[in-house]
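Chemist: One-letter residues, chain by chain:
Number of protein chains: 2
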Amino acid sequence: MKLNLDRSLKTPLYLQIRSQIRLLILTNELPSGYRLPPERKLATLLGVNRTTVVNAYHELVADGLIRSHVGKGSTVNSLQTIQHSLEGSSNTIRAEAQPVPVQPISWQNFYTSQSKRMHNPVLASILDEISNEDRISFALGSPAGEYYPLKELNEICQEIIRPGNWKAFEYASTIGHYPLRQYLANWFNSQGIDTNPQEILITSGSQQGLDLLTKVFLEPGDYVVMEEPSFLGAIGVFKSSGAHILTVPLDEEGLRTDVLEQILSRHRPKFIYTLPTFQNPTGTTMSLERRHQLLKLAYQFHIPIVEDDPYSELYYGEKSLPSLKSFDEHEHVIYLGTFSKMLFPGLRLGWCIAPSQLLEQLSLAKQHVDLHSSTTTQWIMTEFCNRGLLDIHLPLVRNHYKLQRDAMIAALEEYAPEGLSWTIPTGGYYIWCQLPQEMKATALLTKAAEKKVAFVPGNAFYVNSGGRSCIRLCFSRHSTSTIREGIFRLCRAISELINQPHLDRKTLQPHFREPLV
Amino acid sequence: MKLNLDRSLKTPLYLQIRSQIRLLILTNELPSGYRLPPERKLATLLGVNRTTVVNAYHELVADGLIRSHVGKGSTVNSLQTIQHSLEGSSNTIRAEAQPVPVQPISWQNFYTSQSKRMHNPVLASILDEISNEDRISFALGSPAGEYYPLKELNEICQEIIRPGNWKAFEYASTIGHYPLRQYLANWFNSQGIDTNPQEILITSGSQQGLDLLTKVFLEPGDYVVMEEPSFLGAIGVFKSSGAHILTVPLDEEGLRTDVLEQILSRHRPKFIYTLPTFQNPTGTTMSLERRHQLLKLAYQFHIPIVEDDPYSELYYGEKSLPSLKSFDEHEHVIYLGTFSKMLFPGLRLGWCIAPSQLLEQLSLAKQHVDLHSSTTTQWIMTEFCNRGLLDIHLPLVRNHYKLQRDAMIAALEEYAPEGLSWTIPTGGYYIWCQLPQEMKATALLTKAAEKKVAFVPGNAFYVNSGGRSCIRLCFSRHSTSTIREGIFRLCRAISELINQPHLDRKTLQPHFREPLV
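If you read the sequences in order, they're chains A and B.
One point on numbering: in my numbering, the residue at position 116 of the first sequence is 116, and numbering is uninterrupted.
One point on numbering: in my numbering, the residue at position 323 of the second sequence is 840, and numbering is uninterrupted.
Don't read these hints as lab results, they were simulated from the structure.
Given the structure is predicted, the values throughout are model-derived calculations rather than measurements.
Where a beta carbon is used, it is the ideal one built from N, C-alpha and C, also for glycine.
There's no promise every hint is true.
Stretches of chain B that chain A covers, calculated by requiring three or more beta carbons in the stretch to come under 8 angstroms of a beta carbon on chain A [as the list claims (entries may be wrong)]: (1) 547-554; (2) 578-589; (3) 661-668; (4) 748-762; (5) 813-820.
Restricting the straight-line Cα-Cα distance to at most 25 angstroms, the calculated cross-link-like pairs of lysine to any residue (SDA-like) are [unchecked claim]: (6) Lys296/A to Arg584/B; (7) Lys558/B to Thr592/B; (8) Lys668/B to Asn154/A; (9) Lys452/A to Leu412/A; (10) Lys167/A to Arg915/B; (11) Lys167/A to Glu672/B.
Example chain B residues on the side facing chain A (calculated, C-beta under 8 angstroms, incomplete) [said to hold, decoys possible]: (12) Trp624; (13) Ile678; (14) Lys684; (15) Asp845; (16) His849; (17) Gly863; (18) Arg865; (19) Ala882; (20) His885; (21) Asp887; (22) Ser891; (23) Asn981.
Use the sequences and the hints to build the structure in full.
Modeler: See the structure below:
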C-alpha cells in the first residue's frame, strides 16, 4: 500500500489518506479482506500523528469500505458491502462514488514471457509486392500456381466429397490418416529410410512439426544448435521458446561439423537443427562426408538431429543425396517433410518421422494443439498419392524449376554489376546473393521497390546479426521471361545504389502481415 | 569427475584410475579440453600416493587421451587426436578401444517440463468401441455423419477445385481468408456482437484457439479460472501450461458467480474460461442474470473472459440466450467458435474473436504454430456459407438433434434404475447423469462394454478429483431407435452393477489413441 501525502494542499492529511485508500479499494488494488496496516505503524511510515490515521480509518469505516475490530485491526469489506454502502450513501459521498469507469484491458500486461519473445519474422512490405500485379517478387518460397495438378484433384474430390462418404469429414486420430502414413512409410522405405506408419505423425505443414518439437524439447535455459543462415520459421519458433540458439556456419559443403564439434564439447543442446538438402536460404547441399560426420557427432555426444527436408525431391541434375535419416542406425534423427514445396502449400500437410516413443509424445502435444490435421485434406492427399499422381507430378516440376533456375542464373550472368556474387543450387528454390560493397539489403529493398522487384533481405535468416548484405532470390514462381525481367530490374537497382551510396541509410521497416517461408 | 577404486582387486590402483578416466573420456563425460585435477589433489581425494596418479596420467598421455603441460596441468585431448591414437595404437590397446556402442536416446530425458505436464485426456478403450460396429457409443461429442451436407459440398468443390483457381491452394495470410472473416463478422453483427474482420482469427478448430490463448496468457505460476466440470480439451491445455487452475462449481444457472467473486478477491487470474451455453459436459445454460454478474465481475476485477461457444446454434426450443460477447461493452470477452459441432469437424475450422491488439498477438503465435489454416478448406467453407447453406443446414440439424435428445430422455425415464438422475439440456449434445449409490463410472465402463454400450466417465471433466460417479452421454450420433437400445443396455449395466457391488473395483485403464471432444 503506497500513499503520497502532499502537505502543500489545503485538504487535511486525514482526508488525503482516506481518499487515497478509498481509490485503492475501489480499483481493487486493496482486495476484499485485505488487512490495513495498524494505525501506529502507518502513522510512523507517513510521518503523521497517530490521530490523523485514526481519523482517516474512522471515515473509511463510515464510508462502508473497511471494518475495524479491536485486536484484529482494520480490514477491507466485501465488495457487496462496499457496493451497498456506495448505493445507500449520502449525496456528497455519492458524487465521489461514481462507479469507477471500466478501463479497456492492457493486453500486453497479461502476456507470457514466451509471448513477448515472439517476434515478427515477416516483412509485409515485401509481401505486399506479391499482390501487386506489375511487381515481380522473388520473395515468397512457394511453388508456382500454374503447376498445381488441379484437374486431377477435382476428379479426386468428386469421389471423396460425396454423399455417403461422411468419414472423410469426421474427427480422426491425432497421429493422422492411416492410409496416408502407410503411403509415406512405403515411399520412405524405398528411399532407404527404415520406418513404418507408427513412426509417422501427420502435421499441419512442417512448421507445425517445428512447433511440436519446440514444445516437447525446448524451454528457457536450454541450448539448441542450428546452421546459420537458416529457415526463418525455425529461428522464430526456437527463439520464442527462450532457449539459447547456438549457430554453426555453413560452407559449400553445408554445416561446418568442425565448429559443431567445438560447440558440442562445451554445451549439451537438446537437438541439432539442419536442412541438409538444397538449404533455405542458401541452396547449399551438405556433402556425403559431412552427413557422416554430423551423424557421428550426434552419436558420440548423444544429441538428436532434426532434419528438415522440404526440397530434396526438387533436384535438377542427379537425384539428391540420401537423407541423414536414411543413414541413421541408432534412432537419433527426427525427420520433417511436407507437401508444401513439391505440390502446393494450401492443404497444410506435412509429416514428422520419429522413434515411436518420441512420436507418442509429439502426438500428445498435437492433441493439445489442434486435435488432428484436417481429415478431408488427408483423404484427398492420400488418394492423390495412391493414384501415383505424385510420381507423375515430380518429374514435371523438376523440369520446370530447372529451366527457371537456369534462366535466373543466366540473367544474373548477363546483368550482374561487378561485385555481385551468387550460389548455383542443384535443387530447391533459392539463390543466395552477396551484394557488392557491403551494400545493405534493406536499403536495396527500397530501391528495388521503385523498380517493381522484391526479394528477402539476408538478415531475416540470421539469429542475431549477419547477412545484412545478402539477399535470397526464389525462382520458383515465375516464367523464365519474367525471371529475366526481374533480375534485370534488380541489377539496375543494385547498380544505381552503388552510385548513390547515401541511399544506403533509407531502409524499409518490417511490419506484420503474412507468413514468409 | 568421480572415480571408485577397489582395493580388493588385483589390478593396480594406477591402472584402475587410468581405465576409469579413459571410459569417462570416451563416453564424453569428460569432454575435449577438460582440465583434469592436479595430481596431488586427486591423490588426496582418492587416498593414494601422488605417484599412483602420476603413473595413471602418464599412461593416459601414452594412450593419446590427454596431454600434460608443465604449469598447465593435464587436459583431455581433442576427439580427432583421440580417434587417431585409438586407430593407430597397439593390438592390446585396440582390443580395449572398441568403439563405445551407440545407445538409443532416452527421449524423456530431453523433454521440457511443459511436455511432462501433458497428460492424456483420452480413454482409448472407449473410443475403440466406436469403430466396433455392434457397440453403441454415446462417448464422442461429434455431429452425426448422415446429416453432413455432402451433396452441396461436392458442388462447391467442383467450382473451387478446378484448373485456374490455384489461389485456393496457395500460402495465405495467418489471420485467415478475408471473405470468411467477413461472413463471420456479418453473422455475429446480426447476433448483437459488434465486431469486424480485423478482430477475427481463423483457427484450426477451437482447440487451436485454446492453445493459442494458453500460449499467449498462461505460464507456470499464473492462475486461470474455469467452471467445473468443463471441456476436457481446455483442462488438458491449461494444465500443460503449468498455471494453477482455480475451479468454480456450476449449478442449474451455470457458473457460480458468488464463488467466482470469492476467488477474484484473493487471486488475479489471467482469464476466466467458461462455456455458458449448453455446456460440455453438463448441458447447463448460464442464466441471463449470471451472464450479467459474470461480466460485472470481469469489469470490476479487470479480468478477461474466454467464452467458448461451440453449441449455441444447436437449440431445441427457444433461441439460445445472447452470448457474453454480445453484452460486452468494454472488450473483456474473447470469443471462441467452431464449425465442428454445427456442420462437421473434419475440415478443422474455427475462429477467435478478440480485440484487435490481442488478435495481432494471437496471429503472431499462430504464425509460429502452423503459418495459417488450410487455404482450401477456408475457401470451401466460405462458399458454403455465402450460398446461404449454413442457414438452411442449422434448422435441419436442430430438428434432428431435438428428436434424439427427446428419445434419450424418454428411454432414461423408461429404463432408469432407482437413483439414476440426469439433466435435460435445451440444446447442445450432452446429458449429464449422476449414477446411483456413488457407483464408480470407471467400473460401469467395464460392465457397459460387455453390454456393448459406451460413454465418458465424469472424472475426465474434472481438474483434480470429482465426477467419479457421473457420466456424460452424447445423443448426437445415433438414430432414435439406436439411442433407445443403447440406453436400455446402459441401464441394464447399471442395474447389474448395483447387484454386484464387488465389481466396483474393476476399472478400465486409460490408454492413448484418439482425441475425445
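Chemist: Now look at each hint and say whether the structure bears it out.
Modeler: For each hint, the structure was consulted:
no. : hint                 : verdict
1   : 547-554              : holds (count 3)
2   : 578-589              : violated (count 0)
3   : 661-668              : holds (count 5)
4   : 748-762              : holds (count 4)
5   : 813-820              : holds (count 4)
6   : Lys296/A to Arg584/B : holds (24 angstroms)
7   : Lys558/B to Thr592/B : holds (15 angstroms)
8   : Lys668/B to Asn154/A : holds (15 angstroms)
9   : Lys452/A to Leu412/A : holds (17 angstroms)
10  : Lys167/A to Arg915/B : holds (21 angstroms)
11  : Lys167/A to Glu672/B : holds (18 angstroms)
12  : Trp624               : holds (4 angstroms)
13  : Ile678               : holds (5 angstroms)
14  : Lys684               : holds (7 angstroms)
15  : Asp845               : violated (10 angstroms)
16  : His849               : holds (6 angstroms)
17  : Gly863               : holds (4 angstroms)
18  : Arg865               : holds (5 angstroms)
19  : Ala882               : holds (6 angstroms)
20  : His885               : holds (5 angstroms)
21  : Asp887               : holds (4 angstroms)
22  : Ser891               : holds (5 angstroms)
23  : Asn981               : violated (19 angstroms)
In terms of the numbered hints stated before, the structure departs from hints 2, 15, 23, listed from lowest to highest.
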